[in-house]
Amino acid sequence: MISEPIIKNLLSECFAGTNTDIEKIIIAQELGQWIIYISPDQVLAFFTYIKKQKRFDFLMNISGVDYSDKADTHITQKFGVVYELFSSLDMSRLRVKLGVNDSEEVPSITSVWKVANWFE
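Its first residue numbered 17, the sequence shown is counted upward by one per residue in my numbering.
Since the hints were made in silico from the structure, they are not lab data.
By construction, the Cβ of each residue, glycine as well, lies at the ideal position given by its N, Cα and C atoms.
Worth double-checking, as some hints may not be accurate.
Said to hold, decoys possible - Think about it this way: if two alpha-carbon atoms lie no more than 20 angstroms apart in a straight line, the pair counts; the simulated EDC-like pairs of lysine to aspartate or glutamate are:
1. Lys67 - Glu100
2. Lys70 - Asp106
3. Lys94 - Glu136
4. Lys113 - Glu100
5. Lys24 - Asp57
Stated by the list, open to error - Taking CB as the label site, the calculated pair distances span:
6. Lys130 - Asp85: 30 to 40 angstroms
7. Ser55 - Ala132: 29 to 39 angstroms
8. Glu121 - Ile42: 17 to 27 angstroms
9. Ser127 - Lys86: 31 to 41 angstroms
10. Ser127 - Met76: 10 to 20 angstroms
Could you put together the complete structure from these sequences and hints?
As structure tokens, then:
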């Protein structure tokens, strides 16, 4: 499984030169996989960088979630999007979560992963 320092390093490199505070991106571990929380405006930059690094090379799933029951304490918005990534390099999984408001749109990642069209 990929280590926390590697995850933090990927995030630091990904958001270098931006106003993103890496320490505010919550990194958690659950059921043997890492979970990170990003904002909708970070989606394209994050997934473009991750794909170029070839660390996580497979987009397994994209799901929409209704968090009105507050099942995830890190997301304050009513709705969310969850991306599931897999690394064939070290058999690691990464879950990327973000919260969105009713009228907020999340950028498509089909320019990064064509298979995202199937899920989106």
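- [ ] Could you see if the CB distance from glutamate 121 to isoleucine 42 stays within 17 to 27 angstroms?
- [x] 22 angstroms, holds
Task: CB-CB spacing for lysine 86 and serine 127 relative to the 31 to 41 angstroms hint - done: 33 angstroms, holds
Open item on the list: Check whether the Cα positions of lysine 67 and glutamate 100 lie no farther apart than 20 angstroms.
Closed with: Given that 20 angstroms is the threshold and the Cα spacing comes to 13 angstroms, the pair holds.
TODO: Verify the proposed pairing of lysine 113 with glutamate 100, using a straight-line Cα cut of 20 angstroms.
DONE: 9 angstroms, holds
Open item on the list: Just to be sure I understand the hint, the distance between the Cβ atoms of serine 55 and alanine 132 should be within 29 to 39 angstroms; is that true here?
Closed with: Since the Cβ atoms of serine 55 and alanine 132 sit about 18 angstroms apart, the hinted range of 29 to 39 angstroms is violated.
- [ ] Below or equal to 20 angstroms on CA atoms is what counts here, so check lysine 24 against aspartate 57.
- [x] Holds - the C-alpha atoms of aspartate 57 and lysine 24 are around 19 angstroms apart, at most 20 angstroms.
Open item on the list: Against the 20 angstroms threshold, does the CA-CA distance of lysine 94 and glutamate 136 hold or violate the hint?
Closed with: At roughly 19 angstroms apart (the allowed maximum being 20 angstroms), glutamate 136 and lysine 94 satisfy the hint.
- [ ] Could you say whether the range 30 to 40 angstroms given as a hint is met by the Cβ separation of lysine 130 and aspartate 85?
- [x] 34 angstroms, holds
Open item on the list: Against the range 10 to 20 angstroms, how does the distance between the Cβ atoms of serine 127 and methionine 76 compare: consistent or not?
Closed with: 18 angstroms, holds
Task: 20 angstroms limit on alpha-carbon distance, applied to hinted pair lysine 70 and aspartate 106 - done: Given that 20 angstroms is the threshold and the Cα spacing comes to 11 angstroms, the pair holds.
Hint violations for this structure: number 7 only, all remaining hints satisfied.
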